[in-house]
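S.K.: So you can see what is in the structure, the chains are spelled out below.
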Amino acid sequence: MKRQIIAVAAFAGLLLAACGDDESTTTTQAPATDAPSTDAPSTDAPSGDAAACAEGKTLEAGMLTIATGDPAYPPYVIDDDPASGQGFEAALAMAVAAQMGFEGDAVSWVRTGFDEAIAPGEKTFDFNLQQYSINAERQQVVTFSDPYYSAPQAAIASADSTLQISTIADLKSLNIGVAAGTTSIDLVENVIQPDSQVQIFNSNADANAALVNGQIDILVVDLPTALYLSAAEFDNAKVIGQFPASAGSEAEPWGMLFAKDNPLVECVNMALANLTASGELATITDTWMGEYTEAPEISMG
Amino acid sequence: MAALSHREGAGDPPAPSRVLTRREVWLRQQRRRAALIAASSMTAVLLAVVLIVPRTPGWPTVKKTFFNGARFRQDFPDLLGYLWTDVKLFLTCVPFILIWGVALAMMRNIRNPALFPLRAFAAAYTDLFRGIPVILTIYLVGFGIPALGLKGEFHLLWFGGRWNSAYLWGPVALILAYSAYVAEVFRSGIEGIHESQRAGARSLGLTQAQTMRHVVLPQAARRVVPPLMNDMLSLQKDVALLSLLGVYELFRRAQVIKDRTFNYTPYVVAAVIFLILTIPETRLVDWYSARHRRRTGGSQVA
Chain A
1 MKRQIIAVAA FAGLLLAACG DDESTTTTQA PATDAPSTDA PSTDAPSGDA AACAEGKTLE
61 AGMLTIATGD PAYPPYVIDD DPASGQGFEA ALAMAVAAQM GFEGDAVSWV RTGFDEAIAP
121 GEKTFDFNLQ QYSINAERQQ VVTFSDPYYS APQAAIASAD STLQISTIAD LKSLNIGVAA
181 GTTSIDLVEN VIQPDSQVQI FNSNADANAA LVNGQIDILV VDLPTALYLS AAEFDNAKVI
241 GQFPASAGSE AEPWGMLFAK DNPLVECVNM ALANLTASGE LATITDTWMG EYTEAPEISM
301 G
Chain B
1 MAALSHREGA GDPPAPSRVL TRREVWLRQQ RRRAALIAAS SMTAVLLAVV LIVPRTPGWP
61 TVKKTFFNGA RFRQDFPDLL GYLWTDVKLF LTCVPFILIW GVALAMMRNI RNPALFPLRA
121 FAAAYTDLFR GIPVILTIYL VGFGIPALGL KGEFHLLWFG GRWNSAYLWG PVALILAYSA
181 YVAEVFRSGI EGIHESQRAG ARSLGLTQAQ TMRHVVLPQA ARRVVPPLMN DMLSLQKDVA
241 LLSLLGVYEL FRRAQVIKDR TFNYTPYVVA AVIFLILTIP ETRLVDWYSA RHRRRTGGSQ
301 VA
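The listed protein sequences correspond, in order, to chains A and B. Counting from 1, position 253 in the first sequence corresponds to residue 253 in the working numbering; the numbering is continuous, with no gaps. Counting from 1, position 15 in the second sequence corresponds to residue 15 in the working numbering; the numbering is continuous, with no gaps.
It is worth saying that the hints were derived from the structure and are not from the lab. Just so we're clear, the structure is a prediction, and the values are computed from it rather than from any experiment. All C-beta atoms, glycine included, are put in the ideal place defined by N, C-alpha and C. A portion of the hints provided could be inaccurate.
Said to hold, decoys possible - Residues on chain A that point at chain B, a partial pick, calculated with CB under 8 Å:
#	residue
1	Ile118
2	Val141
3	Gly177
4	Ala180
5	Gly181
6	Ile185
7	Asp186
8	Gln197
9	Val198
10	Gln199
11	Asn202
12	Ala210
13	Asn213
14	Gly214
15	Gln215
As the list claims (entries may be wrong) - Derived lysine-lysine pairs resembling DSBU-like cross-links, with alpha carbons at most 30 Å apart:
#	chain 1	residue 1	chain 2	residue 2
16	B	Lys63	A	Lys260
17	A	Lys238	A	Lys172
18	A	Lys57	A	Lys260
19	A	Lys238	B	Lys151
20	A	Lys260	B	Lys237
21	B	Lys88	A	Lys172
22	B	Lys63	B	Lys237
23	A	Lys57	B	Lys64
24	B	Lys88	B	Lys151
25	A	Lys172	B	Lys151
26	B	Lys237	B	Lys88
27	A	Lys57	B	Lys151
28	B	Lys64	B	Lys237
Input sequences plus hints: build the corresponding full structure.
M.R.: The following block contains the structure:
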C-alpha cells in the first residue's frame, strides 16, 4: 500500500514536471510546492520595461548568470571578486542586473576562458563581459550588446627604456609584442606595420617576461590594462603613450557577449539605455575608469 | 614451405601439388572475405557518420564555425604563407638534433672506465629531457636564458636577430628535448647490433673507435631510420609549440584569425596544412619500414 502511494506520487510528480517543461531538473520535487516562479523578481524592479523584458529569458528562471574572465583583472574587477560589484565591469554588470530586476542572490557569477566563451555549443552564462571588442565578423557567431566602453590602445616599455615616441612611425623599427586574443594585434599589423614580425604571447604575463628580457621593446595593450599593469603588476614597466582612437579602437568598442540570437540582449540594451539616460553609466565609468585614461598621445603622423 | 621454395626455384616449374593448390584457393578466399568485411564495416562507419552527425542539434553551428567554406578559401593561402616559418624552424633543428643525439648515444656506450663521467652525463641528460614535458622545456629555456641579458646579434641560416630572440632559444629548447629521444633511439640501435659483430671487428684488428665507426654505426643507422623518422614527424608538429615564445607561425596565425572572427575554421585549415606535410612523410616511413622488414627477412602472418 505504502509502496503504491510512493509510486503514484512519483508518477504525478513526473507528469507535472513533464507538463511544466521549463525546469527539467525539478522532477525529484514533491508535487506539494507551488510553481517555481512565484519568488522570481517582478515587484521591486526599478525599471519596469527591462525587468519585464528579461522575465523567462534567462538560463535559470529568476536567476541571472553573468560570466567574466578567469582570473578577472582590475580595473574591470577588483580582487578577482565580481560578486562584490567592485571594478568597472563588475559594477556595470550589477547595475544592468538591477535594471532587469536581479539583485543580491539572484545574480550568479561564473568564469570562462576566452575560448570557452566563444566556442559553439551551449553557453553556461546569460552574458559574458571581459572587454570583448565588437566587430562584424564576430557578430556572425555571437551576439553583442550595445557598446559600453571604448578604450584606446597603449604602449608599455621597460622602465629604463629611453625610447622617444611621438609618432607611429617611431615604432616601425621596434620589436613589438602583444597578448593573444586581443585586438592590439590588429593595431600592430594594420597601423604600425613594424619591420620585424609582431610577437604574440599567450598572456600579458608572458609578454611582460619578454619585455623584461629585452626580447620585445614595447608591449601593446588597451590603455586601462596598460596603466594597471605598469602600476601594479609589472615591476619594471611604464606606459610610454596611447594611440589615438582613430587607430582602430573607436571602431571596435566593447560589448557584452551573448549566445547567438539570445533574446535577452534586447533587455540588456534596454537596461544600458536606462543607465545612460539616468547618468549612472557615466558615474560608474568615472568611478572606475577615471584614473585610467591619462597617457601622452602618440600621433598618427 | 618446401613446396614453395621448390616452386620459386628456377628451371621448368613442376605442376603444383594438390596441397598447394588447395592452400592457394583457401588463401584467396580468405583475402576476398577480409576485403569484403573491411569494405562493409567501412561503409557502415561512414554511413553512420554521414547520417548521424548532421542530425545532431549543434551541427549547423559546428558547420558554420569549424567548416566554413568561405573562411577556408580565404584563410588557406594566408596560413600557407606561415607554414614556411614552421618548416624553417624544423629544418634548423634537425641536423643539430641528429648530431647531438648520436654524440649522446655514443657517450652512453663508452666502455672506457676513465670516461665514466661522460657516460653518467649522457644518462642524466636523457633522463632529464625525456622526463620533462617539451612545453615546459620550451618555456624554461625560451624565457629563462634570455633573462640572462645577453647582448649582441646572431645569424643562423635564415634566422637573425638579437641574442635573446625566440627564434634562437626556441629551436635550442627543441634540440635539447628531442636530442634526448633521438639519443635513446640511436642507443637502442647500437645495442641491437650483435656482440659478435664487435668481436669479429676487433679480431680483425680494428680499434674500439674503428669498430664503432665502420661496423656498428652503419648497421645501427639503418635500423634506427623508422623510429627516427617517427621522432622527426613528431618534431614537425611540435615546432608549433614555439608560438608560446612569441614566434609567429602557422598555429599562432590560425589563432589570431580565430580570435578576430570567433570562427574556428582557421584551426581546421592549419590541421589540413600540417596533414599535407606529414601524410606523405608518414607513408614514406611506412614504405621504408616495410622494405626494411622484407630485406631483413621478417615474415608476415595473415
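S.K.: Each of the hints needs a verdict: does it hold here or not?
M.R.: Structure-based check of all given hints:
no.	hint	in the structure
1	Ile118	holds, 5 Å
2	Val141	holds, 4 Å
3	Gly177	holds, 6 Å
4	Ala180	holds, 6 Å
5	Gly181	holds, 5 Å
6	Ile185	holds, 6 Å
7	Asp186	holds, 7 Å
8	Gln197	holds, 5 Å
9	Val198	holds, 6 Å
10	Gln199	holds, 3 Å
11	Asn202	holds, 5 Å
12	Ala210	holds, 6 Å
13	Asn213	holds, 4 Å
14	Gly214	holds, 6 Å
15	Gln215	holds, 5 Å
16	Lys63/B x Lys260/A	holds, 15 Å
17	Lys238/A x Lys172/A	holds, 19 Å
18	Lys57/A x Lys260/A	holds, 14 Å
19	Lys238/A x Lys151/B	holds, 22 Å
20	Lys260/A x Lys237/B	violated, 34 Å
21	Lys88/B x Lys172/A	holds, 25 Å
22	Lys63/B x Lys237/B	holds, 26 Å
23	Lys57/A x Lys64/B	holds, 25 Å
24	Lys88/B x Lys151/B	holds, 24 Å
25	Lys172/A x Lys151/B	holds, 21 Å
26	Lys237/B x Lys88/B	holds, 13 Å
27	Lys57/A x Lys151/B	violated, 60 Å
28	Lys64/B x Lys237/B	holds, 27 Å
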